[in-house]
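Put chain F on the given structure of chain D with help from the hints.
Sequences listed follow chains D and F, in order. Note that the working numbering gives residue 129 to position 123 of the first sequence, counting from 1, and the numbers run on in steps of one. Note that the working numbering gives residue 116 to position 96 of the second sequence, counting from 1, and the numbers run on in steps of one.
For the record, the hints were derived by calculation from the structure and aren't laboratory data. Owing to the predicted nature of the structure, the values given are computational and were not obtained by experimental measurement. We put the beta carbon where it would ideally sit given N, CA and C, even for glycine. There's no promise every hint is true.
Said to hold, decoys possible - Incomplete in silico selection of chain F near chain D, CB under 8 Å:
1) R34
2) I35
3) D36
4) G51
5) R52
6) N63
7) T66
8) E71
9) T72
10) V73
11) Y74
12) G75
13) D78
14) D81
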Amino acid sequence: MKATWDIFCTVVDNYGDIGVTWRLARQLVAEHGVAVRLWVDDLRAFVPLCPGADLGAARQMQQGVEVLHWPAEWAPAGTADVVIAAFGCRLPDAYVEALCSRPAPALWLNLEYLSAEEWVEGCHGLPSPKPNGLRTVFYFPGFTERTGGLLREAGLLARRVAFEADPAQRAGHLARLGVQPQAGAALISLFAYENPQLGGWLDALASAANPSHMLVPQGRIVPELCAWLNEPELAVGAIHQRGTLTVQVLPFVSQDDYDRLLWCCDFNAVRGEDSFVRAQWAGRPMLWHIYVQEENAHWEKLEAFLAIYRKGLSEPAAHALLTLWRAWNMHQDMDAAWRGFMVHWPELQAHARQWCAKQAAQPDLAMTLVQFYRNWL
Amino acid sequence: MKTGKELKPGTVLRIDNDPWLVQKAEFTKSGRNSAIMKTKLKNLLTGYKTETVYGADDKLDDVILDRKEATLSFISGDSYTFMDTTDYTMYELNAEDIEAVLPFIEEGMEDVCEAVFFEGRLVSVELPTTISRQVVYTENAARGDTSGKVMKPAKLKNGTELQVADFINIDEWIDIDTREGGVYKGRSKK
Chain D
7 MKATWDIFCT
17 VVDNYGDIGV
27 TWRLARQLVA
37 EHGVAVRLWV
47 DDLRAFVPLC
57 PGADLGAARQ
67 MQQGVEVLHW
77 PAEWAPAGTA
87 DVVIAAFGCR
97 LPDAYVEALC
107 SRPAPALWLN
117 LEYLSAEEWV
127 EGCHGLPSPK
137 PNGLRTVFYF
147 PGFTERTGGL
157 LREAGLLARR
167 VAFEADPAQR
177 AGHLARLGVQ
187 PQAGAALISL
197 FAYENPQLGG
207 WLDALASAAN
217 PSHMLVPQGR
227 IVPELCAWLN
237 EPELAVGAIH
247 QRGTLTVQVL
257 PFVSQDDYDR
267 LLWCCDFNAV
277 RGEDSFVRAQ
287 WAGRPMLWHI
297 YVQEENAHWE
307 KLEAFLAIYR
317 KGLSEPAAHA
327 LLTLWRAWNM
337 HQDMDAAWRG
347 FMVHWPELQA
357 HARQWCAKQA
367 AQPDLAMTLV
377 QFYRNWL
Chain F
21 MKTGKELKPG
31 TVLRIDNDPW
41 LVQKAEFTKS
51 GRNSAIMKTK
61 LKNLLTGYKT
71 ETVYGADDKL
81 DDVILDRKEA
91 TLSFISGDSY
101 TFMDTTDYTM
111 YELNAEDIEA
121 VLPFIEEGME
131 DVCEAVFFEG
141 RLVSVELPTT
151 ISRQVVYTEN
161 AARGDTSGKV
171 MKPAKLKNGT
181 ELQVADFINI
191 DEWIDIDTRE
201 GGVYKGRSKK
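So here's chain D without its partners, still in its complex pose:
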């Protein structure tokens, strides 16, 4: 009999929570043959990631996953063998009571945020015994073998390699997005939160000797793009030219199409958690816009990742990388940082491939979760 998994997701803001849980749910079904129910409290964030999903459905099957609207008033729905509370979300009290009365205990996991900080290894897999006798386990994704790993579907990198080897696939995907890149132009994808440093970066691109074509899926950065272009609004498909820079707004695409977009581009600016991981699997130089936290707690997380990601780079290239990422996240001069980054382009390109290969040598998050459950049994 199939093990049953319940994944609970509250949409706090943006697409990060649902992006990770939807990806995990799909992979568990497709690769590990388990039955997954994905409980989402706000389907409006889910539908853009899964075109064809029904915003009004209380229950629907999507790609083998039973997607359920998590109602404010919880109705008894049974419990699962494995329960994942994503990103600290609080399970319904009635569900917790039902867990208490199960004849066989369920494995209850708190799936935490991704961080490269050292403390993560020391907390990964630790129990959290509750007063009611239940135990949860804190489960941390991460970049080392002493963490839960990163989400990576089987065959993902092989699909990327095949895509890269076939110019027709690349051209076809770009054409479907309405993109006709100028010959020789560097393609750049941009997915970011609001960021006042955007203008400096765009200035650098617009005045560069080589042309570039920036592709911007709809999102929170678009108003700043409008401001720089001095346009009141930017509709999907809108194309604007400033100097050697072409800017184009794209529709919000599904996760699989977003992967292909990353594979089409030479450089990817990403944000949060899900797109950040996907950019690493794309194996291209990237720029991370980290989620801003109180008291600048995110700076430590940024530095922790940079500390491991920079390993293997020459000192000048590492410095250029740090300068660019810090500029983007700590409000420093992006114009100069970008120019400095481009000096080391070949080395940074090769490094992105190596980083991807190194991370891919580790077990992925879905695999480690399944293994953790087996060991727990």
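Only chain F this time, still in chain D's reference frame:
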């Protein structure tokens, strides 16, 4: 009832009806403005030790403990003897029982501590929020910096090292906030 973020060394939690002493508690900001508390717990009935993690807002049952004022009497190897300041009863604890405050325990200290009892048994000792300690070694101050923003390492009598303001000199007394593992507060008025 306590929340995860309120846990600190000396807290006793009731888990599965057993009393568990928090020996160590490390607060960490995780993602998106949430936080976790990693703890080291000791079962007061069996002596079994374990590590756990709690969310900052997790609700936990704590045990109301008896507290008495006590001062350090003497140290003998790994054994620390405290004396009740009212009835002069002597209580002995092992180093591991007071792991969290150990860096600031030293012979001759005069701090009035709180001895924490569970069912009549001393289980831990808590230091006052602010303590004064003498610096036995630190590098000379850089000339002219009086801002207190430039920090340097300093060593206390028991070997503990911490960061202090650059203007602190050898033999000076400093105030330390014991709540977050021991943080330099300023030059002591002592």
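Going down the list of hints, with the structure as the test:
1. Hint status for R34(F) relative to chain D: holds, with the closest Cβ pair at about 7 Å, below 8 Å.
2. Interface restraint check: I35(F) against chain D, minimum CB-CB distance 5 Å, threshold 8 Å, status holds.
3. Among the interface hints, the one on D36(F) holds; its C-beta lies about 6 Å from the nearest C-beta in chain D, closer than the 8 Å criterion.
4. Hint on G51(F) holds. Least Cβ distance to chain D is approximately 3 Å, under the 8 Å limit.
5. The beta carbon of R52(F) is positioned within 8 Å of a beta carbon in chain D (closest approach about 6 Å), and the interface hint is therefore held.
6. Of the supplied interface hints, the one on N63(F) is violated, with its beta-carbon coming no nearer than about 11 Å to a beta-carbon of chain D, more than 8 Å.
7. The interface hint given for T66(F) is violated, since its Cβ lies 14 Å from the closest Cβ of chain D, which is over the 8 Å cut-off.
8. Because the beta carbon of E71(F) sits about 5 Å from the nearest beta carbon in chain D, less than 8 Å, this interface hint is met.
9. At its closest, the beta carbon of T72(F) sits 6 Å from a beta carbon of chain D; the interface hint therefore holds under the 8 Å criterion.
10. Here the hint on V73(F) is kept, as its CB sits about 4 Å from the closest CB of chain D, short of 8 Å.
11. Hint status for Y74(F) relative to chain D: holds, with the closest Cβ pair at about 5 Å, below 8 Å.
12. Because the closest C-beta pair between G75(F) and chain D is about 6 Å apart, less than 8 Å, the hint holds.
13. Hint on D78(F) holds. Least Cβ distance to chain D is approximately 7 Å, under the 8 Å limit.
14. Here the hint on D81(F) is kept, as its CB sits about 4 Å from the closest CB of chain D, short of 8 Å.
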